[in-house]
Amino acid sequence: MTGIWRGVNYAVLVAITFILLFPLLYALSGSLMSAHELSSYPTPLLPAHPQLQSFADVMKAIPLAREYLNSALVAALITTGQLLTATLSAYAFAFLRMPYRNALFAVFLATMMIPWEAIIIPNYLFMADNGLINTYPALVLPFLAAGFGTFLLRQFFLGFPRDLYEAALVDGCSHLRFLWSILVPLSRPALAALGIWAFLSAWNQYFWPLLVTKTEEMQTLQIGISRLRDVEAATAPNFILAGTVLALVPTLVLIYLGQRHIVRGLTAGAVRG
Amino acid sequence: MAFAFLVPSLLLFAFFTFWPLLRSVYLSFHGSDIIGRPTLFVGTRQYEQLLSSPTFRDVLVNTALFTALTVIPSLAIGLLIAILLQQRIAGIGLFRTLMATPFAFSVATASVVFAIFFNPGVGVFNGFLYFFHLPPVGWLTDPSKALASVALASVWLQLGYNVLVLSAGLQAIPDEVYEAARLDGARAPAMTWHITLPLLTPTLFFLLVVTTIISLQSFGQIHILTRGGPAGATTTLVYSIYVNAFAFGNSNFGYASAQALVLFAIVLAVTAIQFGVLERRVFYR
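Protein sequences appear in the order of chains L and G. Going left to right, the first sequence walks through residues 1 to 273 as our numbering numbers them. Going left to right, the second sequence walks through residues 1 to 285 as our numbering numbers them.
Treat the hints loosely; a few may be bogus.
[Stated by the list, open to error] Only pairs whose alpha carbons sit at most 25 Å apart, straight line, appear in this in silico SDA-like list of lysine to any residue:
| # | chain 1 | residue 1 | chain 2 | residue 2 |
| --- | --- | --- | --- | --- |
| 1 | L | Lys214 | G | Ser251 |
| 2 | G | Lys145 | L | Ile19 |
| 3 | G | Lys145 | L | Tyr26 |
| 4 | L | Lys214 | G | Arg37 |
| 5 | G | Lys145 | L | Lys214 |
| 6 | L | Lys214 | G | Arg227 |
These are computed hints drawn from the structure, not numbers from a lab.
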């Protein structure tokens, strides 16, 4: 490639990266501006006098720390739950003999074909009938099992050396002991993929927490952020952007540092061989 | 013994997936009483109402349009970017990492930022038009533009995921294939067309199905950006379910459940097509 084409090539890559990053850069830059600066025309690309006032303001407008905690707790519980239930069921499907194994696995796969939005009404009524609206159990319970997670881990477990498994059992190792001390430590990449995937989807949920939370104290961060527009008119977007930046911190860390694992999870069904 | 390992998952699925699905069917044959409890048996009336309702026909059209406007651009642009990212040049790893950024955004955070972009007065998009002396656009307020605007935000949100998946698909194509073509004198564009794309079809097809299903399920961007308006222009199937069941104290759970089952049927059909084609692919190999 000649020098000019190499330059054009990099220019194209930089331009595309800039467009894809623009909402994030805008949010970062805008959160450091004053309301006046952000709504002036033409809007400067970078803040002339970076200030953290917007972050203080957004903490005052909504119970942001509490909402952060809610989101973190809910996402952590869902992630732990999915890792536990999926590890157990994937172990059974990969290693154990049982009647109707294929039919049962088909049941797990079938759960992936039922869109959550199609069963959200009965789930809401269930929570309402049992007095669980506006509680943590309502936010967590429906998502503790995962057909996708079972599928992902089973694929990984099937690649585990069968001899090692049989040797361990012959030596008197119990199923749970084998699972916990041998299989889990050796399956860290697959567990990381499932864990990151589960955490991201739980942290980013919108429809369900919108339905089952009624007070600001029980809201998750995503609901709190989206309600900021009602709290303050769009004349002060700097403080909405400050809230958005705070909500993005955990997921940005996961995306930038855990990308390898995420790709493994994303493509479990896509790329074979 | 083996069943014990499955019990936690099976119980959860029974409670929160399969029983609700059955209850959706039950609900779709019932109407709400005066205090909003779905107790009155009405037979197939909800479905008859759906079929004869011009509003519901518009909802289906909106859903189809929104899906097409989201899926096709996010696949096409995603593919172009993923091909560019295949180059073996210095710094490509950094570009690849950064281009996954939209994937870190949730529907809520992306919609909140795009709501500011779409703002008619201070928004970036109209600022851009103003710079080129073009008339401003009512991105979210003009009924003929709103659906495309919501789709634009969704395409951006979807691109991070699509680029990641397509890049992984491209990397799975063995080097020897390209090497052999190069020895036979093939040039880069020909290789993209005759080698990369055919070998990428399984990934493209998987992504087509997944993004279609994701688009069909979209809710947050519509709820945050337009509330289904203006004049119902952005009311899709899932948003319509929300409005009938939960908004304005409607509590019309029966009618909303009938729509939920329509959604289920559509998603099932899309998934069935995937399995049908995958089966054929396995057969050919």
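*Given the hinted pair Lys214/L and Arg227/G, is their alpha-carbon gap at most 25 Å?*
19 Å, holds
_Checking one constraint from the list: CA of Lys145/G to CA of Lys214/L, max 25 Å. Satisfied?_
33 Å, violated
*Between Lys214/L and Arg37/G, is the straight-line Cα distance small enough, at 25 Å or below?*
Holds, because 20 Å separates the two Cα atoms, which is no more than 25 Å.
*Assess, step by step, whether the Cα of Lys214/L is no farther than 25 Å from the Cα of Ser251/G, and give holds or violated.*
Since the Cα atoms of Lys214/L and Ser251/G sit roughly 16 Å apart, the hinted pair holds (cutoff 25 Å).
*Given pair status - Tyr26/L, Lys145/G, alpha carbons within 25 Å*: Roughly 24 Å between the alpha carbons, so the hint for Lys145/G and Tyr26/L holds.
*Are the Cα positions of Lys145/G and Ile19/L separated by 25 Å at most?*
Holds, because 21 Å separates the two Cα atoms, which is no more than 25 Å.
Going through the hint list in order, the structure does not satisfy hint 5, though it satisfies all others.
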